[in-house]
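Here the protein sequences line up with chains U and F, keeping their order.
In terms of numbering that gives the first Met the number 0, the numbers along the first sequence are unbroken and rise by one, the last being 217.
In terms of numbering that gives the first Met the number 0, the numbers along the second sequence are unbroken and rise by one, the last being 258.
Honestly, I wouldn't trust all of these hints.
As the list claims (entries may be wrong) - To give an idea of the chain F side of the interface with chain U (calculated C-beta under 8 Å), a few residues:
no., residue
1, L58
2, T65
3, Y83
4, H94
5, F122
It is worth saying that the hints were derived from the structure and are not from the lab.
All values derive from a computational prediction rather than experimental measurement.
From the three backbone atoms N, C-alpha and C, an ideal C-beta is built for every residue, glycine too.
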Amino acid sequence: MRWTHWVNFPILGIMIWSGLLIYWANDVYTITIFGHTFVRFFPQWFYDTLHIPQRLSEGMAFHFLFMWFFALNGLCYVLYTLITGDWRQLWPNRYSLKEAWQVLLHDLRIRKTAPPQGKYNAAQRIAYSAIILMGAGSVFTGLAIYKPVQFYWLVWLMGGYHLARIWHFMLTIGYVLFFMVHVVQVVFAGWNNFRSAVAGFEVIDEQSKAVLNEKEKH
Amino acid sequence: MKKKSIKKPLTTEQKIRRREFLSFGIFGALGVAAYSGWKWLYHAPEEAAGITAGTRQPLRRALNKTELFFRRLTFNESHLAKTYPVSMAAKTVRHNSDIGSEGDIDTAVWKLEVKKLNGQKLFIGFDEIKALPKTDLVFDFKCVEGWDQIQHWGGVTFAEFVKHFGLQTEAKLGYVGLMTPDKGYYVGIDMPSALHPQTILAYEMNGQPLAAQHGKPLRLIIPVKYGIKNLKRIGSINFSDRRPPDYWAEQGYDYYSGL
């Protein structure tokens with residue numbers, strides 16, 4: 000589980016970067032409300048800083064190689080959690096929505112106590128399950144844009160070629176936003192938590208005696 | 000006398016430190032390995048220029064393998080591109096490039112040259128092609144850049160063309176190559192895509208003869224490919240078991256470019 004997480008990190012980075020190289024060739028998306036454009040994806044300085052322009056074919060070549068790793072890695076994660084039954088720690092249950100709200104209030108320092116939790120708290124359950132669904136969404140919207148004639152039924156499911164491309168783009172924006180919140184949360188959670196994400200164990204101080212708690216051997 | 004080293008059981012503190020050291024060591028080493036792998040790929044030499052060119056060697060290999068995967072597993076000639084009512088077709092059809100088809104051409108003088116396997120050449124006039132059964136197609140034309148447009152084209156299907164001019168033996172080969180009269184633009188199409196029922200040699204757009212900038216007098220319309228394969232102003236057609244030259248595959252694009 001830790002492995003797929005860390006493998007995903009660079010792959011997703013490459014997918015987003017190569018996706019930008021492709022998107023540049025037809026960069027039509029904006030957030031426009033009542034005729035006023037609030038955000039334009041993307042401003043010229045953004046492209047120039049990242050050396051995006053005029054690299055469509057290069058972007059496609061990278062995108063169509065790393066899509067395999069992205070999909071396979073995601074599949075590994077899903078299969079692993081299904082086979083081990085770990086999905087039960089992750090998938091939201093019927094209390095998750097209410098508890099997630101309490102977690103949010105707690106994290107924003109509005110509420111003093113956080114609800115009891117297992118490996119993941121309710122907000123994490125929702126967020127981390129959502130990110131897996133988003134990953135699957137990226138694969139399927141991607142397939143729909145990639146082979147729209149062969150996967151005509153996927154295109155239909157996405158609401159057409161245009162919408163499929165927009166979903167694909169929005170999911171990517173979603174990853175970037177997720178990443179920002181995620182990193183802030185990791186910083187707040189502290190060293191012990193980060194170590195567990197890398198090494199797979201956590202140190203719990205019990206009656207002033209450190210005990211090795213093998214939370215996760217895998 | 001040798002000093003006897005007495006092994007004491009490790010304290011919990013030490014255990015933690017050891018595992019931490021080991022884990023982060025592996026983590027760091029894998030990180031460095033991943034980074035050098037990326038460096039290697041990013042700076043990988045370009046492929047030797049041939050039928051395809053302009054892409055890093057390993058990426059070209061990946062593109063070709065991916066082509067095989069999708070050709071074998073997903074391509075099916077019964078999968079048709081979605082069609083639309085004529086009323087939805089764009090009145091102003093987008094025009095991206097004139098490579099190989101600059102200026103005007105006289106339809107009466109123009110001949111389509113077809114190279115047969117026995118060395119014989121056919122020179123087919125415009126009227127001979129117009130006399131064949133006409134197929135109208137309103138579909139969503141897709142450009143590799145990411146834009147698309149619903150367009151209305153009319154012409155003869157390539158499959159019908161093959162049948163009428165007795166090119167059945169030629170059509171058993173793997174590829175068909177098309178070229179503009181000035182040889183400035185050329186594409187290679189795998190035969191299953193060429194024989195797809197929606198692949199047409201078009202001479203009409205929106206019910207009118209093709210304008211010079213849209214491929215006058217005859218162009219390829221192939222909905223199972225990106226626009227880059229939809230060659231304008233066909234001058235010659237040949238058949239081969241090897242990939243024919245392809246303008247954009249020489250500029251780093253995927254040879255297959257199938258949809």
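Cross-check of the supplied hints:
The interface hint given for F:L58 is met, as the beta carbon of that residue sits about 4 Å from the closest beta carbon of chain U, less than 8 Å. The beta carbon of F:T65 comes within 6 Å of a beta carbon in chain U, closer than 8 Å, and the hint placing it at the interface holds. For F:Y83, the shortest C-beta to C-beta distance to chain U is roughly 11 Å, which exceeds 8 Å, and the interface hint is violated. At its closest, the beta carbon of F:H94 sits 16 Å from a beta carbon of chain U; the interface hint therefore is violated under the 8 Å criterion.
Interface restraint check for F:F122: the shortest CB-CB distance to chain U comes to about 33 Å, outside 8 Å, so the restraint is violated.
Hint violations for this structure: numbers 3, 4 and 5, all remaining hints satisfied.
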